[in-house]
Amino acid sequence: MTSTQHAPTPDSGTRPIELGFALVDERELAAFARHERLTRDDYLDQLGEARDYVALPDDAEPTHFFLGSEFCEHLLPSVEAIDRAVALCERWDLTFGLVTPIACDGLFDPLRAALARLPAGAEVTVNDWGVARFVQREFPDLRPVAGRLLGKMLKDPRLPSATWARMYPNGLRAGPFRDILDGLGIGRLELDFPPFGAADMYAGIDFPVGVRAPYGYIAKGRICKMGSLSLDTPEKFSPGHKCRRECLGFNEIGARPGTHELPTSQRGNTMYYRHAKGMAAAVAEAVKNGWVSRIVLSGA
Amino acid sequence: MKITAPISTPAEVEPLVRAGARELYCGVVPPDWIQRFNTSGVNRRVFGNLNGYADLERVVDKATALDADVFLVLNAQQYGEQHLDALTEIGARFRSIGGKAAIVADISLIASLAANVPDLDIHVSSVATCRNVESARFFAALGANRIILPRDVTVAEIGAITQALPDLDIEAFVLNDGCVFEEGTCHTVHLPMNKGGPICIDNYQFEYRATERATGGGKPHERALRRLEQNDLDYKRWLWYRFGNGFSVAPNGYPWGPCGICAMPAMHAAGVHSVKIAGREGASERKIKSVELVARVLERIAAGEPEHAVREFAVGLRDAPSHCAGGYMCYYPEVRSRQALGDAEAKLPTAA
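Protein sequences appear in the order of chains G and B.
In my numbering, each residue carries its 1-based index in the first sequence increased by 51.
Residue 115 in my numbering sits at position 120 of the second sequence, and the numbers go up by one each step.
One chain only, chain B, in its complex shape:
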């Protein structure tokens, strides 16, 4: 099982590979793209991209020298037909300098790259929302070599796909940056924070209404409303975890936020090829600490330690197992080891 890590500058290549990443992914906004299409939307993120082809070549050269692969993110949810040829040319250019794979969500671009740049691997982005065996077969038939599963899947669901399609590489999220909605069905942009930011944490003021069928419409009954409001408080706490525990780090520098490191033994047993660390837009230090965190767990798995021992080790790595206890910080909460957590189970921290 390999660690796949994000980069946004050539300077990040060496520390991330030294920390344990064997696969790096990055985006690039070529200057001619902006001139031609009057947008910087080459991929899902406006920020966190390399500055141009020269940086992309530096990244590939450095990574190749360190025996790591580089993947190029071309994963906007959709592209206009006017973009396809330009994107296919970017893919061809990336392959010509030694790039390994493109990460793609748009099915037209997948088809175009498969037809025109056949020696460039295609990784289906999590933005494509491919999370069942039939869908994985569909993308494999289009030319995909790897499926990056979306965030909200269970380890059992991952295992069903790896078992059914052993020749297809499967990559699953392990750390950082949790979306609330599925990436492939969230048709919004991350606005600047002064305009609302991501829609899932924007300042919407909602009121509950009962449906006509439930109570004839209007406000829910008081008892139901109390339950709904308690559920809202729980949801608010879950959101706090989903967004990196209030965008903070643990005292020992490891990142908080959505995490699946205690599920890594199960993912390894299920045949997952790579575990993905999200966060191209993050600071270099955060990326490095993220890779270190995941690599420490991977070392234990590689050494053949029993699954329960690796899980206990993973839960203890941030010196704050109470955050693991609630399950709200977990990508794969079903894997949480209640036994390993012991008394911490009863001590759920409160969101700030």
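Okay, chain G solo, but in the shape it has when bound:
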């Protein structure tokens, strides 16, 4: 019944890996602006101690720079910050990408204004099917990338074993999924590396794959504990209110007592796990085999 077939991915193992950095807090652009050009160490330094959980090929050097949030409608960058980032990318000779979240209807006007600032060929990471449709219709010169909120997979760091992880396999190789991405003009998919994952989990996905490292996201809500910090009690923990972006100032780090699970954190409305070294090695193996053509470094 699901008979659509696609050609296998051409071996991209001979091409240099693409390397991106994804920045959420537009205020941190100022620190990047001090660099005349960006190196892999500049990117890795942004990760602090978490850089030890990234394994990059020797020839990996920056090719992309992203700005924006996948997880929150309140963190869409200002047009001024977008202009600045686009100009910096021209100086650095990097491709710019705007990262966008699941949208409420109120976000589409600001999104239109933001997208209008992008040069032709810039990337837009979309995490909402409606945003993908909107980009295709109104901004056909931009290149949409399916973000990791659209590439569904089980990522529960508490799972007792790999057997549990197999309960809900991903559908990234399904013919209709590819057809839908094609229909929306999406030519690339960005994914996480899940707990109990293996390098070959990316094999056979017949379009280019980028992996976020060294943090995967576990779950994200629209309700935000941190975003309620400045609200009066009756308005807390509900959608549709304003936000002072407190998540850019604080995060939470911890674990379940008595476990040796992946380090976990919560920032704003999203929970993350940090990769273990074995996971970094698996991503590197996937790169070596040509199953992954881009690594996007980002914090939690």
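Bear in mind the hints are in silico, worked out from the structure with no lab data behind them.
If a hint is listed, it holds; no wrong ones were tucked in.
Partial pick of chain G residues on the chain B-facing surface, computed with a CB cut under 10 Å:
1. 200
2. 267
3. 269
4. 276
Pair by pair, the computed Cβ-Cβ distance ranges are:
5. G:157 / B:220: 26 to 34 Å
6. G:233 / B:196: 36 to 44 Å
7. B:231 / G:167: 38 to 46 Å
8. B:243 / G:284: 16 to 24 Å
9. G:100 / B:35: 35 to 43 Å
10. G:230 / B:47: 30 to 38 Å
These numbers were taken from a predicted model, which means no experiment stands behind them.
Ideal Cβ positions, reconstructed from N, Cα and C, are used throughout, including at glycine.
Got chain G; can you put chain B on it based on the hints?
Just chain B now, kept in the frame of chain G:
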């Protein structure tokens, strides 16, 4: 506006329809599915499913005799490509016995059902996180007849979608079972309670850290920490409401927990087609009382009572308006009627 209610056994059909539900949804785990795929993951819930096709036929027969529709839940967040044909066959079989619609989140399965079982309606599950007009248009173009909106939307956002897409049925949550994260972006399983349960109430011990930019890293300043800890206490209380007021019921038997019954007049005015009661895994009595609660409000709306009067009636139905006053029990807290609540506003109860 119709009431959409969950069932997990054929015996629940008649009492739920008699109580006021016109639409029923259920899941099924066919025995051959487990043999074939070595998992019971046919839908989002491992528990609360019908035992097999024989029960599914009984449900459809009983509901049809009572003039109610039955929807089949096939709403795992994602399926492997190896599952799609089997799921499409389940959809076709369900349609052949008189089932009305499949509730689906995975876009590949939506496309497959639309192509191969065209007379089976497709309801886009709340798990698909469709909550804007453009996204609703996307799913409609794939073949969807109905969008079930996720939990955390405002009535204004619902109204924008119903107005923009009047030919698309919109279903919105009205009662029970609140997720903390968005269902479509929570990539966890509800573990058994002895292994941690749902991740949102698991025993994580977090410490606050300030970001490098805020204070150079490390622990937040004491004043900030005090505010964060007070916010944590508020959040803990909200969680208590989110999980059914500590999984309890009101003295008159009506369920506590996330609720939007006082918003029903506004939802009706916005053109919502159906209101959804969550909780397939719940006890039969809880489901019946849930439908009764919602039906009592719906009767007032159908009788043409003014919106404020219906809201007041809804707030009074559990004989404990203080729980409504804080807004933490609300799916749509912006609709709370402060006037109707009166003095109760100042008397917020404390979480256990």
